[in-house]
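Engineer: This is what each chain is made of:
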Amino acid sequence: MRSDRSQSAPLGLKIAAACGLLFLHLPLLLIFVYAFTTEEKSYQWPPPGLTTQWFAATWNRPDVWQALSLSVQVAAISTAIALVLGTLCAAAVSQTRFFGRETISLLVILPIALPGIITGIALRAAFNLAEIPFSFWTIVLGHATFCVVVVYNNAVARFRRTSGSLIEASMDLGADGFQTFRHVILPNIGTALLAGGMLAFALSFDEVIVTTFTAGQQQTLPIWMLEELVRPRQRPVTNVVAMVVVLVTLLPILAAYYLTRDGDQIAGAGK
Amino acid sequence: MTLTATHPAVPAILPPRGGLFGSLSDTLWRNPKLLLFLMLTPPLLWLGVVYLGALFALLLQSFFSIDEYSGLIDCRFTLKTYGELLQAANVDIIVRTVTMAAAVTVASAVVAFPIAYFAARYARGKWKVLFYLGVMLPLWSSYLVKIYAWKLILAKEGILTWLLAKLHLLGLLDAWLSLPVVGGNSLSVSFTGTFIVFVYVWLPFMILPIQAALERVPGNLVEASSDLGASPGQTFRNVLLPLALPGVVAGSIFTFSLTLGDYIIPQIIGTSRLFIGQAVYAHQGTAGNIPLAAAFTVVPIVVMGFYLWMARRMGAFDAL
Chain X
1 MRSDRSQSAP
11 LGLKIAAACG
21 LLFLHLPLLL
31 IFVYAFTTEE
41 KSYQWPPPGL
51 TTQWFAATWN
61 RPDVWQALSL
71 SVQVAAISTA
81 IALVLGTLCA
91 AAVSQTRFFG
101 RETISLLVIL
111 PIALPGIITG
121 IALRAAFNLA
131 EIPFSFWTIV
141 LGHATFCVVV
151 VYNNAVARFR
161 RTSGSLIEAS
171 MDLGADGFQT
181 FRHVILPNIG
191 TALLAGGMLA
201 FALSFDEVIV
211 TTFTAGQQQT
221 LPIWMLEELV
231 RPRQRPVTNV
241 VAMVVVLVTL
251 LPILAAYYLT
261 RDGDQIAGAG
271 K
Chain D
1 MTLTATHPAV
11 PAILPPRGGL
21 FGSLSDTLWR
31 NPKLLLFLML
41 TPPLLWLGVV
51 YLGALFALLL
61 QSFFSIDEYS
71 GLIDCRFTLK
81 TYGELLQAAN
91 VDIIVRTVTM
101 AAAVTVASAV
111 VAFPIAYFAA
121 RYARGKWKVL
131 FYLGVMLPLW
141 SSYLVKIYAW
151 KLILAKEGIL
161 TWLLAKLHLL
171 GLLDAWLSLP
181 VVGGNSLSVS
191 FTGTFIVFVY
201 VWLPFMILPI
211 QAALERVPGN
221 LVEASSDLGA
231 SPGQTFRNVL
241 LPLALPGVVA
251 GSIFTFSLTL
261 GDYIIPQIIG
271 TSRLFIGQAV
281 YAHQGTAGNI
291 PLAAAFTVVP
301 IVVMGFYLWM
311 ARRMGAFDAL
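Residue numbers (UniProt numbering), protein chains in the order written: chain X, 1 to 271; chain D, 1 to 320.
Any given hint could turn out to be false.
Claimed, not checked - BS3-like, lysine-lysine: derived pairs with alpha carbons at most 27 Å apart:
| # | chain 1 | residue 1 | chain 2 | residue 2 |
| --- | --- | --- | --- | --- |
| 1 | D | K156 | X | K41 |
| 2 | D | K156 | D | K166 |
| 3 | D | K166 | D | K151 |
| 4 | D | K128 | X | K41 |
| 5 | X | K14 | D | K80 |
| 6 | X | K14 | D | K126 |
| 7 | X | K41 | D | K126 |
Simulated from the structure, these hints should not be mistaken for lab results.
The structure presented is a predicted model; accordingly, all values stated were derived computationally and were not measured.
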């Protein structure tokens, strides 16, 4: 019998795979229904009625806006730092051979490979020892540390596919190092950096474990949500915020996918 | 950028560039080591000094002890804190966490395998994209929102109870909840609930490496196996599973490590019995016992170190 690639899967496998995907997605869809429920005091299902009043109520909440704006600022600055550090590291590791190269890859991955609580408590202990007061910048410091790896992964994958002879050709044709960087290297790695940056932004925007250790009185949006999860006070507002967060994180992921899809790398595989 | 220049001493054919940038560019081209040094210094300063420094500071503190009367930290070298770690209550916490991590890892592998296998072998074109995004979206969705969704589902008045009532299966749920260890008042305050949420949240981390490993298994191996008379079960056991194992091990690194260190999921959905992460959080926070908290964090580091060493021997890193 000839091997036929387009043969269809056994029924059992199809059902198992479909159930797995449903298991992954139904809980997220449920959030959307709960955002419209009229029930305030419990998580009752099915919802007794549907309403859109909670969207207006959430819109008028200053604490939600403050948390959101802090999260966006932290994510933006952490992403910027991670972009610079991650690209430098990726360029050095992928373009050259030097002693300790493997160690550097390991060092970059370590903040993600170790449980977040270790990164968090280690930074907190270090801040305490150095008597650095907790502030906006201590949050950024923590976030940038684990965002580097996402940028690094994307950039390394792209550098591997970028031919070194392009750079040599540019230099042979008389461009100096900076011109080569601007006109040859940057256009080649641009979309990978954009994708890595967006994923880093999403990672930072969502981070809660490290943040609980490195934040003082400031509330990022995840910390705000955590408070609500531990001590539910405004369930309807939390429902709406949860739904908006799902929608907002969806966009960078879809965009990152379309930017890197014709490559061989998996954009977010190293979260 | 390319640093493979072999003879930096060979005179340049072109005259040196003028201006600050020009001469800087020339210098870097002639001294690839200098360029490498400049590129590596900022990330290494950040990760090496800030991150590794913080880790060492933490490990150092696990060798300090806390004075029981004053509550102050005594900065002299001692193993007393590690002695405390071996008390029955703390060993309980460690055993509970490692057991949960192992159970979550096995369950994720079982649920992930069919998805990964279908995506790697049968999904083509549009379906391939669908499967890819279908795993990526939950992976990158907000961690807290995912936990929140399960709080809604597992609540006593929630959708799961409602569904089981419609199916006349409530008796089954009650029977399960009356079991000694895994049961509880309701699913959202039982180990079963904690377990389900862990599996849900870490599942994408298991699917991706298994899929990557399975993509590399040629389809004709499976066909050859069945042509030679193996049943689907035999093919799975003797051909597919050994080839996919590095992927499973790579995925298990994530599920195992993430479960070991998590303190938010068991805090929100689970019993009042602690996991390692919660113990660390409690000791460093209200109790102010940083040395014991630090000693606790050494447990996941050691467990993961051992696990990574085993995984490396099984060749799991090729599948990452």
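Engineer: With reference to the structure, classify each hint as holding or not holding.
Structural biologist: Okay, the hints, checked on the actual structure:
no. : hint               : verdict
1   : D:K156 with X:K41  : holds (13 Å)
2   : D:K156 with D:K166 : holds (15 Å)
3   : D:K166 with D:K151 : holds (20 Å)
4   : D:K128 with X:K41  : violated (42 Å)
5   : X:K14 with D:K80   : violated (56 Å)
6   : X:K14 with D:K126  : holds (16 Å)
7   : X:K41 with D:K126  : violated (43 Å)
Checked against the numbered hints listed earlier, the structure breaks hints 4, 5, 7; every other hint is satisfied.
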